[in-house]
Every structure is written in structure tokens, then in C-alpha cells.
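J.: Residue strings, one per chain:
Number of protein chains: 2
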Amino acid sequence: MQHKWKYWVHVTKLDPDKTLPAGTLADVATSGTDALMLSGTMNVTRENLRSLLSQVKPYDLPVVVEPSSPESALSDGISYLFVPSVINSTDVQWVVGKHRDWILHYPVEWDLVVPEAYIVLNPNSAVGKVTRASCSLSAKEVAAYTTCADRYFHFPIVYIEYSGMYGDPAVVRAASEVVDNAILFYGGGINTPQRAAEMAKYADTIVVGNAVYEKGGVLLRETVRAVQ
Amino acid sequence: MQHKWKYWVHVTKLDPDKTLPAGTLADVATSGTDALMLSGTMNVTRENLRSLLSQVKPYDLPVVVEPSSPESALSDGISYLFVPSVINSTDVQWVVGKHRDWILHYPVEWDLVVPEAYIVLNPNSAVGKVTRASCSLSAKEVAAYTTCADRYFHFPIVYIEYSGMYGDPAVVRAASEVVDNAILFYGGGINTPQRAAEMAKYADTIVVGNAVYEKGGVLLRETVRAVQ
Numbered sequence: 001m002q003h004k005w006k007y008w009v010h011v012t013k014l015d016p017d018k019t020l021p022a023g024t025l026a027d028v029a030t031s032g033t034d035a036l037m038l039s040g041t042m043n044v045t046r047e048n049l050r051s052l053l054s055q056v057k058p059y060d061l062p063v064v065v066e067p068s069s070p071e072s073a074l075s076d077g078i079s080y081l082f083v084p085s086v087i088n089s090t091d092v093q094w095v096v097g098k099h100r101d102w103i104l105h106y107p108v109e110w111d112l113v114v115p116e117a118y119i120v121l122n123p124n125s126a127v128g129k130v131t132r133a134s135c136s137l138s139a140k141e142v143a144a145y146t147t148c149a150d151r152y153f154h155f156p157i158v159y160i161e162y163s164g165m166y167g168d169p170a171v172v173r174a175a176s177e178v179v180d181n182a183i184l185f186y187g188g189g190i191n192t193p194q195r196a197a198e199m200a201k202y203a204d205t206i207v208v209g210n211a212v213y214e215k216g217g218v219l220l221r222e223t224v225r226a227v228q
Numbered sequence: 001m002q003h004k005w006k007y008w009v010h011v012t013k014l015d016p017d018k019t020l021p022a023g024t025l026a027d028v029a030t031s032g033t034d035a036l037m038l039s040g041t042m043n044v045t046r047e048n049l050r051s052l053l054s055q056v057k058p059y060d061l062p063v064v065v066e067p068s069s070p071e072s073a074l075s076d077g078i079s080y081l082f083v084p085s086v087i088n089s090t091d092v093q094w095v096v097g098k099h100r101d102w103i104l105h106y107p108v109e110w111d112l113v114v115p116e117a118y119i120v121l122n123p124n125s126a127v128g129k130v131t132r133a134s135c136s137l138s139a140k141e142v143a144a145y146t147t148c149a150d151r152y153f154h155f156p157i158v159y160i161e162y163s164g165m166y167g168d169p170a171v172v173r174a175a176s177e178v179v180d181n182a183i184l185f186y187g188g189g190i191n192t193p194q195r196a197a198e199m200a201k202y203a204d205t206i207v208v209g210n211a212v213y214e215k216g217g218v219l220l221r222e223t224v225r226a227v228q
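If you're matching them up, the sequences are chains P and B in order. Here this note's numbering is used: position 80 in the first sequence is 80, and no number is missing along the way. Here this note's numbering is used: position 25 in the second sequence is 25, and no number is missing along the way.
Chain P extracted, bound-state conformation:
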């Protein structure tokens, strides 16, 4: 189990603060997606996270919790806890501070923890605003952050996050060209199989989120087929 996540090519991100249309979760589970990632920036509570966890539990898919705060770092019955650090944030709390507080105040199941270096590139997204990320980066600067995350901090995952907006493939390509050991994730605006295929040329793993809420399980299955 330990490193199975390294072989995922398609991950579906579900937001504890949003409600899926009836039947969509069953479609998601049979779409061929490799894993479910429970993650949100706004209004994630232990309650709505627990509720979503109980909804996804019956399906036979790995479940990842990606906490946005120490409070939402629940690890009961999940496969992995993907813990992000926003390395292009201008506020140290999103790089290292919340992590220190988490360790200080909660028990940590290190066997489940997979550290993720986020590079957040949409300044108008909730995650861009909340983390005060420095989003105006050239492809070369994103590549430098990628190398720093990979070779200096030894993050096993570098995650290029355009959150809600389709990104620049040239930026993702630049990151893919320098990555050494890390697995490269891409997320943001994947709402057609063409976009899924385009980003999958450069990223090891693509993450589909909003499109599931907007277009449902059929579109999800198409994005899976596009990257397999």
C-alpha cells in the first residue's frame, strides 16, 4: 500500500462543502478514477468532512484526505493524508506554520502522511487568496520552485494548482522537464477529455474537481479514458 499513490494517473477531488447530485458518487466510483481526494479551501469542518468520508466509504477506491487546516487532518480509515505546503505563499503559516501547530496539538499518523508542495497559480481562486500566493510566475520560476520542492525539500509530490481555471500547458511542461524524484500533479479547469489528455502529457497525475459537480460522472469517465 505504502507507495501505490505514485501510480495514480487520475484523481477525483471532492469538496466536503459541496453536495454531489444524487447518483453522481456511484458514477464517480465506477469511472475508473484511481482515487478520491477529499479537499476544500473554504468551510471544511470535521463534521462535513466526516459526512463525506462516510458517503465514500462503501466504494472500493483509495480515499485521501488533504487537510487545509490542522483541524481537518482526519485520518480514520483513509489510505493517505496528503499534507500540502504552499511553497509560493507569501505567508509562512501556509509554508510551515500550520504544520508546526498540527504537530504541536494533534497526534500525527506519520505512516499515512504524504507531503505535497503546492504551487498555486490562480490569484482569483479561494486557495490563491487565502494563502496569499505569489501567482505571477514565469514558467522558469515555476520550474525553479519545482526543483526546490523536489531536490531541496524532498517533497514526494509537486502539485501545480490552477484551482478552477485551466492552466498554461507550457508551465506544466517546464515543471515536468526539471522534476527529478517527485511525482507531478496537475489540477485546475479540467472539464473536457482534451484538456485531461493535454495536461497528462506533462503531469504524472491529473486531478479533476469542479467538473464533477458541474458536469457529473459521464464527463469524469471521459477524462479517465483520455489519460489511460
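Source of the hints: derived by calculation from the structure; they are not laboratory data. Wrong hints could be hidden among the right ones.
Coverage of chain P stretches by chain B, computed from C-beta distances (three or more under 8 Å per stretch; other residues unrestricted) [claimed, not checked]:
{"hint": "1", "segment": "94-106"}
{"hint": "2", "segment": "109-119"}
{"hint": "3", "segment": "138-149"}
Below, a sample of chain B positions facing chain P; criterion: calculated Cβ distance under 10 Å [stated by the list, open to error]:
{"hint": "4", "residue": "S85"}
{"hint": "5", "residue": "G97"}
{"hint": "6", "residue": "L104"}
{"hint": "7", "residue": "F155"}
Rough simulated footprint, nothing fancy, chain P against chain B, three-plus residues with beta-carbon under 8 Å [what the hints assert, rightly or not]:
{"hint": "8", "segment": "86-92"}
{"hint": "9", "segment": "109-121"}
{"hint": "10", "segment": "142-152"}
The C-beta atom is built at its ideal place from N, Cα and C for all residues, glycine as well.
Chain P is already provided as a structure; the job is to place chain B on it using the hints.
T.: Just chain B, lined up with the frame of chain P:
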């Protein structure tokens, strides 16, 4: 060569901005210290660093450069480049920003790089001021930073730095109790063999700096004997 630094118990830190009394460098080289670390916070230039490098070159000791800026990350003819990140800084540039700039603008010899997580605890030191480090930390908070550096960021070195001031052994002990894979360095105010021995009970490696300039090579030899 690759991991020899893990076995060092005593390191001598030399500042490119300071001048050693005549003969002291020969005393340092024969003191039994395991390595020379060339490092300073203020007024380190490529010129004074190169000058110090040429002075230490004739001696048969490993030489480490610990840059305080991308400009001073010289790696010609040295054993290792120890690259610090001040993880209790309140300014992201000292955690990750300078590292990104270094990668962006200079060629990096990754084979020589050993990442260090600094926890800076003397607010009145140059390094404490320049990096705007959050120094008022309890032993538990230092332990939480240590765990974060070690288990989340996978730093091979956690460096507790009291820079110019003798630290609290209880704080270093707290860090030593939680450290998992990292090697624990301690530096600050070691100017007697007693202090060397006390901190070496908890730290894997102690670093002696100012005392060499103030008290010379004889004291250095005594601190080496105290920890061997």
C-alpha cells in the same frame, strides 16, 4: 564521501568577515575538529569567502560552505554545501524564497548539497534579526518544528542555533527526544569544554564558532576532547 558528515561530532565555524589571529588556523586544523564550516550572516562576499577558502585549503579537513545568500553559494573544491532554511523565520524568503532564486540564477551542484533546517533562537543575534526569526519558542514548540523539519520536510539536518549565546539544554534535549532520521546540530556560546559536553549529550554534532576568535585554538582542542 557522500554521508560522512553524519558522523561528525564537532564542527568549527569560520566567518569570512572575520580575521583569525596568526597561527590560529593551524591550531584549528590540528585540534581534532571534524570539519570546517565557512559561514557568516553579515558582509559575506564571494571575495572574502574565496580568500578564506584558499587559507583553509592546505589543511586536511573537510570544508563546508554554508551560504547566507545565493551569491555566496560557492562550491569549488569543497566537500559539501550546507544550505540552510530558517523554518522559524516570519519571512518566506528565508524559508524558501532565496532557494528559488538560487536555483533560478545559478548552476547548482546537487551532489554537494545538504539541506539544513535552522531553528534560530537568539533574537539579538545578527541571524535572528536579519531573518526575523520567531525566537520566543517553548521547548515543545522547538520540538514541533524539529518534527516538522525531520518528518514532513525530510531535512537531513536540524540545526538549533543560539548564535553567540549559550542555549537552554532543555530545549536541545526536547528536540533530541523527537528527532527521527535527521542529525541534530547545536550551535551557540560554546566557549568551555563543560558547555561542549553538556550540549553534546543531546545534539549529535556541536558547532564552535566565536570562541575560536575569542579564545583561540587551545580552547577549541578542549571542546573537541570534551565531546569525543
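J.: State the violated hints by number, sorted upward, taking the hints as numbered earlier in the document.
T.: none
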